[in-house]
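J.: Assemble the complex: chain F is given as a structure, and chain U must be docked to it using the hints.
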Amino acid sequence: MMAKVIGLSTMSDTVAPMLSVFPSRALVDENFKVVVENLPPGSPVTLHSLHQCEDKHYWEAYGHYISNHRGTVSVTDDLSFGGTYTGKEAMGLLWSMRPVPGSREGLRLRKRNVCSPLLVNISVYRGHVVEGFREQAPLASSLTERWYMAPGGPCFYLQVHYLKNYFLVFFSFCPGPFPGLLDVWGGGGGLVEYRSALLGSHGYASLALEYFAPGELKSSDLEFNYFETAFNIVKDHPQVMPDKVGIFGLSLGASLTLLLAAESSIIKPSCCVFCYSVSNMNTVHKSFFLVISFKVGRINCPVMVVNSHDDQNMATVESSEDMAQMMRAAGNLHLLTRLYYPDAGHLIEPPYTPHFRATKFVKDTKEKVILLWGGQTKPHSDAQEDSWKKILAFLEQNL
Amino acid sequence: MDRKQCCVKLSVQPSRGLMDEKFIILVQNVFPGFQLTLHALYKCDDGHSWEAFAHHAASAIGTVNVSEDPSLGGTYSGVEPMGLLWSLRPVPGSKPWLRMRKMNVRTPMVVTISVYPGHQTEGFLDQVSLAGVVVERWYMAPGVRRIPITEAGLTATLFLPPGPGPFPGLLDLWGGGAKLVEYRSALLASRGFASLALDYLTPKVTIETGKMVDNQYFERAYKVLEQHPQILSSRIAIIGLSLGTCITFKMAVYSQVAKLRCIVCINGSHVQPIDGSVEQILSFFNKNAEKNRFNNENQVICRDLLLPIPTDPSLKVDVGQLQCPLLLVVGEDDQNWPAHESAMDIKEMMERAGNSHLLTLLSYPNAGHLIEPPFTPFAKASAFRDISSRQMLVALWGGETAAHSRAQEDAWRKTLVFLRANLYAGANTDATSFSNL
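Going down the list, the sequences are from chains F and U. Everything in the first sequence is counted per this note's numbering, starting at 1 for the first residue and increasing by one. Everything in the second sequence is counted per this note's numbering, starting at 1001 for the first residue and increasing by one.
The shape of chain F in the complex, shown without the other chains (with noise of 0.2 angstroms):
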């Protein structure tokens, strides 16, 4: 705050510079603009951005800059020298953040309410800094808005109790029929529901599907009828298209959806997403896996599936080489998509999202864990970009 001190002409008549976000409200997989203008030519300074998510964590991420002759710093043209990311990254301020120094380790940031905007304050400060951003005052600052829901939506939002659980389906605004998805997520359990409403946001009919709770792995019973039953619930939906209904699992998820499509007589899939293929993975359900490298010839659907190296929660690699050897002899080979990204990490989610090289994950035998996700930051969220749009225009070609 600045004290109005009359006939102080040290008290500036100095304007502060403008900082833009562009666009301020913008889906999480958007790309945006961060322009600073009016700033002294030639000084360096620092773009800052934060976070406080829903379990009152702060992440942050910053990048240093030098402005240009006319006193403009543009984040996507121009470089950063040092800080959370470096070089030429639009979306570094986002993807690049991390929980502030002196937070609990082991914390994901992962948005639980789908209806509010993400909200992430971008400001810039003067000078090279590395710390202590919350007690100085920065030259500006500007809100910003992610959202994982496009306006108007859901427009259709079900909930369908079967057992104990319950079902979400996010439909976009649109009077239909939609293709749908089945999204399955991994061994953390619980309801997920961000990547459906963003999924939703782009046109197809997505059920969120929760299989157990966090730490209740051993114990539930994971039958076919349970996932049969959620894809037809999808399928049959008067919006939906039924011949147009694919399914999209991350780790675990993918585990179960790969024998889903390969084993199933009931559910056929228009196509298939798994984000990290099948492996021996030794701490969840082992009966799943060891019939399933026997069965992926089964598969007769498009298959796409995204992996990486430096995975160190399974041992993926190797698992999708086997995987296409099974259905090179199957003769189906022509239905898969491999996308590798070296360095990447475990977690692929939609992008501009913080990378994890390790959270807090809770077991089985609901002890609470540190799991090294493993990764590069950098890496982890080209992949992010890279296979998210693959991913999207891959369904568009099959749903």
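None of these hints come from the bench; they were simulated from the model. Among the clues, some could well be false.
Here are the computed lysine to aspartate or glutamate pairs in the DMTMM-like style, where the Cα-Cα straight-line distance is at most 20 angstroms [what the hints assert, rightly or not]:
| # | chain 1 | residue 1 | chain 2 | residue 2 |
| --- | --- | --- | --- | --- |
| 1 | F | Lys33 | U | Asp1214 |
| 2 | U | Lys1009 | F | Glu30 |
| 3 | U | Lys1009 | F | Glu396 |
Residues from chain U that face chain F, not an exhaustive set, calculated with beta carbons under 7 angstroms [unchecked claim]:
| # | residue |
| --- | --- |
| 4 | Pro1014 |
| 5 | Arg1016 |
| 6 | Pro1168 |
| 7 | Glu1409 |
| 8 | Ala1421 |
| 9 | Tyr1424 |
Please read these numbers as outputs of a predicted model, since none were measured by experiment. Every residue gets a Cβ at the ideal spot worked out from N, C-alpha and C, and that includes glycine.
T.: Structure of chain U alone, referenced to chain F:
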């Protein structure tokens, strides 16, 4: 691969935008040459429905890009990226003489854009569209703060941009339509200017006492800006429309309190009794009330009230004494105020006095009186309550839809550039951050 017609893809980018931002509407996955109608539907806060539509034919690759492809007919024609907004009009059967003004700026304008098959002109709501998306248009950017001001007897709302500041300040004066109109200030704050929307015709004090405000009311409003810790007292300006320009000219030239960096006057006049209060200015106009004309549709044309432009110096603000830059915006078809004639007289006075280098005149052919922030429905005439007689009239504002809408878009962008050049230090008129407008 066969593309089913039911997979028509419609996208609007950005789906959430500010009111003055352009969007791109794209239709894909239709058959080449397919005839379709793009339709916009808006239900305003008072429950009235507005619609616009455009006829298109898909390209050889089965797409329609509204920013590049011409509308072949509908509520507008030609290549008009924002035509579906500015050509919105009340749906058939609505009350006549409506004007769209969003009074609640905390919520967005929600518009549904849809695609229908063929070239249709009516009955849209009775059919199922091929595709539809919902678009939000906001007056307030995220982080903009809205602060009601009631101190010093004022009825006003201050909008502050996000961030610590300090920011330049604007006093935002509307016209004879009265009430507290916030949307221009909200948008100005979204563009980096602290802006105070002031109700000076129907403020609380006038409603309660029946007395109109005096000239000190405006100086107190100026002081709110001057004394605010996040506003720079040396960077304050006034933007006035219509009756608001009378006050703007008066304050800029005669006020001892207001030190203005620049002023913007839209479709108004310097003609007024120079010592007069608001009440006296209005009486002055009413003395000439018999000069009001009515057209065939019984719409009142008020532009003659101030004509001919007087030569008596006590009847017009001496703009030759103006010491700050003036942006003068004129709709040449203004039927409500003699904006064009006033502008010519202002120009002449300033040339004679030697300060015409301060004047920038933007004159728009076929534009009417209500030159406002862009991309809202055009109203050539609308219901209007005369502030003095309290009578309900239909005022003819003038202008032609496409030309007026283009004038709004151009004038707004140039106003922002003018304000930035005068209120931001060392500013470039390069306007990088306005490039999406």
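J.: Please go over all the hints and tell whether each is borne out by the structure.
T.: Do the hints match the structure? See the list:
1. With a CA separation close to 46 angstroms, the supplied pair F/Lys33 and U/Asp1214 exceeds the 20 angstroms bound.
2. A distance of roughly 18 angstroms separates the Cα atoms of U/Lys1009 and F/Glu30; the hinted pair therefore holds under the 20 angstroms criterion.
3. Between U/Lys1009 and F/Glu396, the direct Cα distance comes to roughly 10 angstroms. Compliance with the 20 angstroms bound is thereby established for this hinted pair.
4. Given hint, U/Pro1014 at the interface with chain F, holds; its Cβ is 4 angstroms from that chain's nearest Cβ, closer than 7 angstroms.
5. Hint status for U/Arg1016: holds, given a least beta-carbon distance of 4 angstroms to chain F, under 7 angstroms.
6. Checking U/Pro1168 against chain F by beta carbon gives a least distance of about 6 angstroms; that is within 7 angstroms, so the hint holds.
7. Against a cut-off of 7 angstroms between C-beta atoms, the interface hint on U/Glu1409 is violated, since the closest Cβ of chain F lies about 17 angstroms away.
8. At a threshold of 7 angstroms, the smallest CB-CB gap from U/Ala1421 to chain F is about 11 angstroms, leaving the interface hint violated.
9. The interface hint given for U/Tyr1424 is met, as the beta carbon of that residue sits about 5 angstroms from the closest beta carbon of chain F, less than 7 angstroms.
The structure fails to meet hints 1, 7 and 8 from the earlier list, while all remaining hints are met.
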